[in-house]
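Line by line, the protein sequences are chains A and B.
Each residue of the first sequence is one higher than the one before, starting from 1 at the first, in this note's numbering.
Each residue of the second sequence is one higher than the one before, starting from 167 at the first, in this note's numbering.
Note that these hints are calculated values from the structure, not bench results.
A couple of the hints might just be wrong.
Said to hold, decoys possible - Incomplete in silico selection of chain B near chain A, CB under 7 Å: (1) Asp289; (2) Leu360; (3) Thr361.
Claimed, not checked - Derived, one-sided and incomplete: chain A residues facing chain B with beta-carbon distance under 10 Å: (4) Leu27; (5) Gly29; (6) Leu132.
The beta carbon of each residue, even a glycine, is placed where N, CA and C say it ideally should be.
Each chain is listed here by its residues.
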Amino acid sequence: MRNLVAFPILFLVLLLQTTIFSRLTLLSGAADLMLVTLAALAVQEQVTSAWHWAVLGGLMVGLASGVPWFVPVIGYLVVVGLARLFQQRFWQAPILALFGVVFTGSWVVNLLTLFALQIAGRAIALDDALSLVILPSLLLNMLLAVPVRALIVDLADWLYPVEETL
Amino acid sequence: MRDFLSRSIQTTIIFLVVGGILFLAFGGYFGRASTLFSGSLLGIQEWVSVRYLAIQDFLTAPRESATLIRRNAELEAEVARLQAEVITLEQKVAETDVLSALVDFSTANPENTYMAAAVIGQDPSPFLHYVIINRGSNDGIQRGMPIVTDQGLVGRVDAVIANAARVMLITDPASAVNIRLQNSKTDAMLLGSLTGDLSLDMISQDATVEAGDVVLTSGLGGGYPPDIVVGQIVNVRKLDYELFQQATVQPVVDFTRLQIVLVITNFRAIDITPLIPETVP
Numbered sequence: 001m002r003n004l005v006a007f008p009i010l011f012l013v014l015l016l017q018t019t020i021f022s023r024l025t026l027l028s029g030a031a032d033l034m035l036v037t038l039a040a041l042a043v044q045e046q047v048t049s050a051w052h053w054a055v056l057g058g059l060m061v062g063l064a065s066g067v068p069w070f071v072p073v074i075g076y077l078v079v080v081g082l083a084r085l086f087q088q089r090f091w092q093a094p095i096l097a098l099f100g101v102v103f104t105g106s107w108v109v110n111l112l113t114l115f116a117l118q119i120a121g122r123a124i125a126l127d128d129a130l131s132l133v134i135l136p137s138l139l140l141n142m143l144l145a146v147p148v149r150a151l152i153v154d155l156a157d158w159l160y161p162v163e164e165t166l
Numbered sequence: 167m168r169d170f171l172s173r174s175i176q177t178t179i180i181f182l183v184v185g186g187i188l189f190l191a192f193g194g195y196f197g198r199a200s201t202l203f204s205g206s207l208l209g210i211q212e213w214v215s216v217r218y219l220a221i222q223d224f225l226t227a228p229r230e231s232a233t234l235i236r237r238n239a240e241l242e243a244e245v246a247r248l249q250a251e252v253i254t255l256e257q258k259v260a261e262t263d264v265l266s267a268l269v270d271f272s273t274a275n276p277e278n279t280y281m282a283a284a285v286i287g288q289d290p291s292p293f294l295h296y297v298i299i300n301r302g303s304n305d306g307i308q309r310g311m312p313i314v315t316d317q318g319l320v321g322r323v324d325a326v327i328a329n330a331a332r333v334m335l336i337t338d339p340a341s342a343v344n345i346r347l348q349n350s351k352t353d354a355m356l357l358g359s360l361t362g363d364l365s366l367d368m369i370s371q372d373a374t375v376e377a378g379d380v381v382l383t384s385g386l387g388g389g390y391p392p393d394i395v396v397g398q399i400v401n402v403r404k405l406d407y408e409l410f411q412q413a414t415v416q417p418v419v420d421f422t423r424l425q426i427v428l429v430i431t432n433f434r435a436i437d438i439t440p441l442i443p444e445t446v447p
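Kindly generate the complete structure, drawing on both the sequences and the hints.
Written out as structure tokens, the structure is:
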């Protein structure tokens, strides 16, 4: 039942993304709130259903965006995979793990989107995409990671309380 | 009886004398002594008065403060409510201005049928220049319908769901609009970009193009109706060794502040792809 909370929360994230964060641009880049939220959730050790959240978030973004629907789904699944990997490697420094996931995940999602759009016939120059979209988006995602983590940690503790062993 | 009368007379006389002295003293008829006397009395009165007022203030002030604090809170709440009302009204005035301009525009262009829609979001991907509007297939919106404002061309509907639609702006990198230049009667192609800048390509080398020329849709290709204002040419690049001239266009629509747009509902975009001859190897 607790996984059903994903629907309203991810809908709220999408709402904030389309109404606010897409308009707060640096050059032509914008923060990806869904990516940062999923990354912050997936690095929490007790969260067991991050993969489901990623598929749901990806489908929601795919529906709202002009990007092919499977691109955000694949991208966010990769982000969760990275989060699991980083969480095991940097288990003593969760904030470092989150920064690593957001950094790597932003690259993956943006390059995947760029590749899909190139395949679809859009002539987007790689150097323009890099300097005007990908790097500014990366910076904004890193900045957004800190406040989002603070919220997501509380959410994860509420949804997936850690069982204390005596 | 005689004693009573004599005592009454005595008392009356004393009252009259004292009263007379006081009257004369306050009237200043006793000179320095009078001034000293009346001054002393008035000083005492002043002292008592000041002390009384001070005590009165002391006793009544707390009650006044409480009243003032309560009143202040009431007024602050009232100010906050009025400020919120002012913001709401300012927003309504702004919306009314936009709607009024759109009504003027639709009245001035009666050949088209319009439906107003509010811009409720933007594409989550920074690679795309799309917006989301609050009208969908339930309102008769179809893919390919052009979107305008009272200022000029915005884009066209790219995808539709029941109550919303996604609009590709003319600034999108994948957007290509056939246009004509009003002054030189030349056709060209308007292209979007990743940064949202608009550029013109395919301008004939023979055409005389200058900064300030107005750019209108040509209607060629069936994607957009003709004669919708797009923008103005800012600068022209003409190189002798190139096939075409190029130009930069300043759009008339401010795409960062899109709030309400008009969908041209009686226009059906024509897909001419089957008519384009395939290249035979």
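For this session: Give me the numbers of the hints this structure contradicts, sorted from smallest to largest.
Result: none
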